[in-house]
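S.K.: Sequence:
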Amino acid sequence: MADKLSLENLPDLLTVREVAEVLRVSPLTIKRWGKRGKLPAIRINSRGDRRYKKEAVLWLLGITQKQGTEQISPSY
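For the sequence shown, full-length UniProt numbering begins at 1 and goes up steadily by one.
Quick caveat, the hints were computed from the structure, so don't treat them as lab data.
For each residue, glycine too, the CB sits at the ideal point set by N, CA and C.
Please note that the accuracy of each hint is not assured.
Here are the computed distance ranges between Cβ atoms for each label pair [to be verified]:
1. 27 <-> 59: 29 to 37 angstroms
2. 46 <-> 7: 26 to 34 angstroms
3. 21 <-> 42: 13 to 21 angstroms
4. 46 <-> 4: 26 to 34 angstroms
5. 8 <-> 35: 25 to 33 angstroms
6. 5 <-> 44: 13 to 21 angstroms
7. 46 <-> 9: 24 to 32 angstroms
8. 42 <-> 5: 14 to 22 angstroms
Taking lysine-lysine and the DSS-like style, the derived pairs with C-alpha atoms no more than 27 angstroms apart in a straight line are [said to hold, decoys possible]:
9. 4 <-> 31
10. 4 <-> 54
11. 53 <-> 35
12. 38 <-> 4
13. 54 <-> 38
14. 31 <-> 53
15. 53 <-> 4
16. 38 <-> 53
17. 54 <-> 35
18. 54 <-> 31
All chains should be built: construct the whole structure from the sequences, respecting the hints.
M.R.: Below is the structure:
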């Protein structure tokens, strides 16, 4: 991926590689977390490719989005 992902511009559904980049872990860790239920995955096709909801990724970072706004704020 040529561009760095920024939290403000994340797509609604992210690939394993994109999630790994945002969370700074390996793609294998993301897959393991999915199997353990820590980060639920959506299977999108017959090959079983995984996508992850932006909200779930931000939740792991301790960030919540306010409904109706584009603001992202940390939750403490």
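S.K.: Next step is simple, just say for each hint if it's right about the structure.
M.R.: To see whether the hints hold, each was checked on the structure:
1. 27 <-> 59: 29 to 37 angstroms: violated (19 angstroms)
2. 46 <-> 7: 26 to 34 angstroms: Holds, since residue 46 and residue 7 (Cβ atoms, about 32 angstroms apart) stay within the stated range.
3. 21 <-> 42: 13 to 21 angstroms: holds (18 angstroms)
4. 46 <-> 4: 26 to 34 angstroms: The hinted range 26 to 34 angstroms holds for residue 46 and residue 4, with Cβ atoms some 31 angstroms apart.
5. 8 <-> 35: 25 to 33 angstroms: At 30 angstroms between Cβs, range holds.
6. 5 <-> 44: 13 to 21 angstroms: holds (19 angstroms)
7. 46 <-> 9: 24 to 32 angstroms: About 30 angstroms separates the Cβ atoms of residue 46 and residue 9, which means 24 to 32 angstroms holds.
8. 42 <-> 5: 14 to 22 angstroms: The hint (14 to 22 angstroms, Cβ to Cβ) holds, given that residue 42 and residue 5 are roughly 18 angstroms apart.
9. 4 <-> 31: This hinted pair holds, its Cα atoms lying about 21 angstroms apart.
10. 4 <-> 54: holds (16 angstroms)
11. 53 <-> 35: Given that 27 angstroms is the threshold and the Cα spacing comes to 15 angstroms, the pair holds.
12. 38 <-> 4: At roughly 24 angstroms apart (the allowed maximum being 27 angstroms), residue 4 and residue 38 satisfy the hint.
13. 54 <-> 38: Answer holds: residue 54 to residue 38 is near 14 angstroms, not above 27 angstroms.
14. 31 <-> 53: holds (14 angstroms)
15. 53 <-> 4: Holds, at roughly 18 angstroms.
16. 38 <-> 53: This hinted pair holds, its Cα atoms lying about 13 angstroms apart.
17. 54 <-> 35: holds (18 angstroms)
18. 54 <-> 31: holds (16 angstroms)
Consistency with the previously given hints fails for number 1 only.
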